[in-house]
Amino acid sequence: MKKSLLALAALTAFAGAASAQSSVTLFGIVDAGVARLSAGGKSVTGMTNSGYNSSRLGFRGVEDLGGGLQAGFWIEGQLTNDDGNAAGMNWQRRSTVSLMGGFGEIRLGRDYTTHFWNTTVYDPFGTNGVGSANTFAMLGAANANVSTAVRSNNAISYFTPNLGGFSAQLQYAFGEQVSGGVKTNNFMGFRLGYAAGPISVHGAYGKTEGATDAVDHKAMNFGGSFDMGFLKASLMVAQEKNGAGLKTIAIEPGIMVPVGAGVIRASFARHDQKGGTAAWNDNDWDKIAVGYLHNLSKRTTVYATYARIANDGTQTKTVANNGLGGVTASPGGNSSGIEFGVRHAF
Amino acid sequence: MKKSLLALAALTAFAGAASAQSSVTLFGIVDAGVARLSAGGKSVTGMTNSGYNSSRLGFRGVEDLGGGLQAGFWIEGQLTNDDGNAAGMNWQRRSTVSLMGGFGEIRLGRDYTTHFWNTTVYDPFGTNGVGSANTFAMLGAANANVSTAVRSNNAISYFTPNLGGFSAQLQYAFGEQVSGGVKTNNFMGFRLGYAAGPISVHGAYGKTEGATDAVDHKAMNFGGSFDMGFLKASLMVAQEKNGAGLKTIAIEPGIMVPVGAGVIRASFARHDQKGGTAAWNDNDWDKIAVGYLHNLSKRTTVYATYARIANDGTQTKTVANNGLGGVTASPGGNSSGIEFGVRHAF
Amino acid sequence: MKKSLLALAALTAFAGAASAQSSVTLFGIVDAGVARLSAGGKSVTGMTNSGYNSSRLGFRGVEDLGGGLQAGFWIEGQLTNDDGNAAGMNWQRRSTVSLMGGFGEIRLGRDYTTHFWNTTVYDPFGTNGVGSANTFAMLGAANANVSTAVRSNNAISYFTPNLGGFSAQLQYAFGEQVSGGVKTNNFMGFRLGYAAGPISVHGAYGKTEGATDAVDHKAMNFGGSFDMGFLKASLMVAQEKNGAGLKTIAIEPGIMVPVGAGVIRASFARHDQKGGTAAWNDNDWDKIAVGYLHNLSKRTTVYATYARIANDGTQTKTVANNGLGGVTASPGGNSSGIEFGVRHAF
Chain A
0 MKKSLLALAA LTAFAGAASA QSSVTLFGIV DAGVARLSAG GKSVTGMTNS
50 GYNSSRLGFR GVEDLGGGLQ AGFWIEGQLT NDDGNAAGMN WQRRSTVSLM
100 GGFGEIRLGR DYTTHFWNTT VYDPFGTNGV GSANTFAMLG AANANVSTAV
150 RSNNAISYFT PNLGGFSAQL QYAFGEQVSG GVKTNNFMGF RLGYAAGPIS
200 VHGAYGKTEG ATDAVDHKAM NFGGSFDMGF LKASLMVAQE KNGAGLKTIA
250 IEPGIMVPVG AGVIRASFAR HDQKGGTAAW NDNDWDKIAV GYLHNLSKRT
300 TVYATYARIA NDGTQTKTVA NNGLGGVTAS PGGNSSGIEF GVRHAF
Chain B
0 MKKSLLALAA LTAFAGAASA QSSVTLFGIV DAGVARLSAG GKSVTGMTNS
50 GYNSSRLGFR GVEDLGGGLQ AGFWIEGQLT NDDGNAAGMN WQRRSTVSLM
100 GGFGEIRLGR DYTTHFWNTT VYDPFGTNGV GSANTFAMLG AANANVSTAV
150 RSNNAISYFT PNLGGFSAQL QYAFGEQVSG GVKTNNFMGF RLGYAAGPIS
200 VHGAYGKTEG ATDAVDHKAM NFGGSFDMGF LKASLMVAQE KNGAGLKTIA
250 IEPGIMVPVG AGVIRASFAR HDQKGGTAAW NDNDWDKIAV GYLHNLSKRT
300 TVYATYARIA NDGTQTKTVA NNGLGGVTAS PGGNSSGIEF GVRHAF
Chain C
0 MKKSLLALAA LTAFAGAASA QSSVTLFGIV DAGVARLSAG GKSVTGMTNS
50 GYNSSRLGFR GVEDLGGGLQ AGFWIEGQLT NDDGNAAGMN WQRRSTVSLM
100 GGFGEIRLGR DYTTHFWNTT VYDPFGTNGV GSANTFAMLG AANANVSTAV
150 RSNNAISYFT PNLGGFSAQL QYAFGEQVSG GVKTNNFMGF RLGYAAGPIS
200 VHGAYGKTEG ATDAVDHKAM NFGGSFDMGF LKASLMVAQE KNGAGLKTIA
250 IEPGIMVPVG AGVIRASFAR HDQKGGTAAW NDNDWDKIAV GYLHNLSKRT
300 TVYATYARIA NDGTQTKTVA NNGLGGVTAS PGGNSSGIEF GVRHAF
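Chain order of the listed sequences is A, B and C. Residue numbers for the first sequence follow numbering that gives the first Met the number 0, beginning at 0 and rising by one. Residue numbers for the second sequence follow numbering that gives the first Met the number 0, beginning at 0 and rising by one. Residue numbers for the third sequence follow numbering that gives the first Met the number 0, beginning at 0 and rising by one.
Here chain A stands alone, though its shape is the one from the complex (with noise of 0.2 Å):
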C-alpha cells in the first residue's frame, strides 16, 4: 500500500511501443514528528523524521516485453524531512533493475537483505519510530559487519512466483574483495514463508563474511501473525551470532487492535545477549511500546507512540528515532521516548 500511490499516464517516446504496457510510478512519503526523548536524567526535544513509515522518494516502472517476461526498475531514497535531506539525495533504500516472469524475479543491484524483512514485518511498529523493537545490528560494536543490516549494494535476488501462498528468496552480495584477500562484505541469504488469508509466517537467514572468520556475521528469524479481524497478533523471533560466538536473541511478541479508522499497537521485546563474557550475557534490554494512529485517509495517517527501554548490566540502548538524539542511557538504565506525527504518502 505504501508504495505504491501514485501513477503517472506514461507515453513511450517510441513509435510503434504500446504505450499502455508501460508506465512509471512516482512515489513518495513525508512523515514528520515531534519527540520527546528522556535519558540518563536527561531529556531532548525536537522535530524527527519517519516515525510511521520511512519518508522516502522514489520512481519505478514495469514493462511488458512480451512472452510473459517484464522488465523493471525501482530507484528510492531516504528523505530526512526535518532537515530537509541536508546529508543529500541518493538512492540508497533501493536501486534496482529486474527480469519478471512466470519464474519469478531476478534482481540486480542495491536492495534489502534477507533478514531484514522479519524484523519489520513482524514488528508492529516495523522499523519505525520510538516504538520499533529494532531486531536487526543487535550486536552493536560486536557486529562486523553492519553493511549488510538492513541492505547491500552489489546484490542478486532470485523471487520465486507466489506457489498457493508459499514464496521464497535467495539472495547473493558481492563483497567484490580482490581474489586471495580477505572476503569481506560477501553476504549470501534467504527467506521463506507461507502467506495466505489470515495467516503468514517467514523464516529467514542471512550470512556475511568478515575479514576474519571470528567477525563473519549471521542472522537467523523467524516471524509470524495471525489476523483475527478484531485482533492482530504477531510473533518474532531474531538471533545475530558473530563468529566468535556472540549472540543476541530477541523475542518479541506484539499486536495490532483495530478501532474504527484508527489501530492501537502494541509490543514487549525482550534482547538476550549470550555466549560471552558475563559482562556480555548480562547486558540484556527489554523494550516495551504503546501507540495508536488514526488514518485520516489511506494516505494521511497521525499517530501516538510511548516507548520505554529498560536495560541490564552496563547496557545502555536508547529509544531513539531519526533526526533526533543526544541523550544516553546510564549503563545499566531506562530510557523512554513519546511521539507525536503526521505520515502523508504521495
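Rather than coming from a laboratory, the hints here were simulated on the basis of the structure. Any given hint could be a false lead.
It does not matter which identical chain is meant; a pair holds if it fits inside one copy or across any two.
Stated by the list, open to error - Dumping the calculated DSS-like pairs for lysine-lysine here, alpha-carbon to alpha-carbon at most 30 Å:
(1) LYS231 <-> LYS41
(2) LYS206 <-> LYS273
(3) LYS217 <-> LYS41
(4) LYS273 <-> LYS217
(5) LYS41 <-> LYS206
Please build the complex by placing chains B and C on the supplied structure of chain A, with the hints as guidance.
Quick look at chains B and C alone, frame taken from chain A:
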C-alpha cells in the same frame, strides 16, 4: 506563479480513492546567466545561477481528506545548474508536510523563517542575482545564528487563513539541544500583514537563541508595496541585532515599472551599522541596483542587471551571485557587478 | 532513442497557457551487470553499473515561445545503481537552459565538451563498460585539465541547425579565474560534421588552459561510420596533447553487426604515446573488445562483453567499469574483463 508550473495527471493506486482529488506537481526553475564582478581592482567573469529566480526542482501535492481537511507535502531543492549541482541534490529549500483546513495550516519540517520573507518580497530584485540588497544575515560574523537566516530545520508553523486580506504566521523551530545545556538554534518568530488590491504590507520578527544571551539573534523587518499599475513602489526596513547590541539596519526603497512585456527594476539600499565600537558603527554600505527583465512568456524571461556597492569605514561588502566569486572589495572600497541571464520555469 | 522515453502529460498552471505546447519528460536508465576483472595476477568479481549505457535520471522540457522560438531545460544525473548512488545524487551529466529557433540553439550550463562526443559516438562500445576504448583523458597524470575531459561547468554553446546534413557546435566555458592570475579551466572548442543516410563523419577540437602554457590541454579527434545495413563500420582517430608536447594518439576501427534482435560489436584500439621521454613514448597500450547485445525490446537489452588490454613499457592500463575495481595491471602486463548485464531505459 513561479512555483506552480506543471501538474501531472495523477491516478492513485488505491481502489476507491477519488483520483480527481489527488495531484502531485513537479516544478522547477533553471536560471543561468553570465556575470562580471569587479572589486578591489580585480574582476572575474563567469557563469552564475539563480540571477532572477532561484533555480530549483521540487515535488508537491495536496490530498483532500474530506470534511474541509487537506493534507499536503512539499519537497524542493536548489539547482546550481552552472556546475550540475556539484554539492549534491537535497531538499533544503523546503521539505514539509501539512494539515490544512478552515482553521489555516499547520506545517512541519524545514521551511523559510518568518523574518526572511519581507527581505525578498519587498526587494525589487528579491534575494537573487547581483541586484539583491540581501537584507538578511546582515550582521555577518557578529551573527551567531545564520542557520535561521533564511530557513530553519525542525520547524512548526501555523498559518492563519486569509482573513479579509489579513494573515499571520507563527513559527517555532527546535534547536534540539539536550536539557540543561545551551539553547542554541531554538527559534521563534511571527509574521503578519495585509494584502489586497494594490496594497501589500507585512511586518515580521524572529529570535534565534545562541549559546549565550550575547549571541542571541533578533531580526525585525517591515515592508510595503503599492502597485499603481504603471509603477509599483516598495519600501523595506530591516533590522538585525545580536544579544550584545550590535545592529545592522537596512532601508531600501525600490520601484518596478512595467514596459510592455518587460519590467524595469531599481532599488537603493542603505545598510547602517549601529550599537558597537566606532569602527563597527562606521562600517556602513550602500547598494544601488538597476535592471531590466523581458518576459518571452510567463515561464521564460531574459534579464540584465547592474549593481554597485559603496562601502564605508573598513567594510568589504562585494557584489556577487551564486556560482561566481573570488573578488573582494578593498576595505571601504567599491564593488560592482553586471549580469545577463535567462530564467526558465517548468 | 535512449534519451526520450517517457513523456508526462503536462498541464501548465497558467490560465491561458497552451498546455499542448508544454511538456516535461522524466527519463532514465538503470543498467546493472556482473563483471570479472583480471590483472596483475589477481581478479575481482562484482556488480557494475552502466555497462551498456550510463545509468541516469533526468528531467527535460521544451516550451514553445511563439515566433519560432523555444526555451528548454535539461537536468540529468548519474545513477550508480549498484550502490544506490552512495556519493549522492547530482545533475552533473548535464544541467542546461536553452533558447532555440531557426538560428540554432544557445545553451548555458554544465554540458559535454565538444571534443568528447566523437570518442563515444564512434566507439562501438561508446564510453561504457569493459569494452570502451576510453579515448578521452588519455594523458593521465600528464593531463592537467581532466575537468573538461567529458563535460565542463560554466559552458556556453552555440549549435547550428541541421544544414542539409551538416552541423556545427561552438563552445566556450569560463574558468572563472580572477583577472591578472592564471587562466586555468578556460575552455574553447568546436565540433563539426555531416550525417545523412548511412554516413556520419565528425571532427572536433577542444583546448583547456592550464595554470601555465606547459599544462594547457588540447584534444582533437575525427570519427566516421558507414552503415551498410548488414554491418556498420567505424573509425576514430583521437589525439590529446599537453603544452609540453606530450601526446597520446588513439586509432580505433570498429564494427557493429546486426543479428536478428541482437548486435555483435567489436573494436581494436591502439593508444600510442609520443613526444616525451623514451619511457613515455614506450608506454603504449592496445585494447580489443568483443561483445553481443540482445534487445528484448527497444528499452530493455541484455549484453555480454569481453575485453583485453596489452600494455607496453611500464604502462598499467587496466580493464575496468563503474562500480568495480581494485586490480591493476603489472607494468607492461595485460588485463582482461568480462561483463554480463541488463540495461533498462524508462
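A quick look at each hint next to the structure:
1. LYS231 <-> LYS41: For LYS231 and LYS41, the Cα distance exceeds 30 Å both inside one copy (36 Å) and across copies (54 Å).
2. LYS206 <-> LYS273: within (19 Å within a copy, 52 Å between copies)
3. LYS217 <-> LYS41: Answer is between; shortest inter-copy Cα gap is 28 Å, intra-copy 36 Å.
4. LYS273 <-> LYS217: Result: close within a single copy only, 14 Å intra versus 55 Å inter.
5. LYS41 <-> LYS206: Between copies only: 25 Å across chains, 38 Å inside a chain, cut-off 30 Å.
When held up to the earlier numbered hints, the structure conflicts with hint 1 and nothing else.
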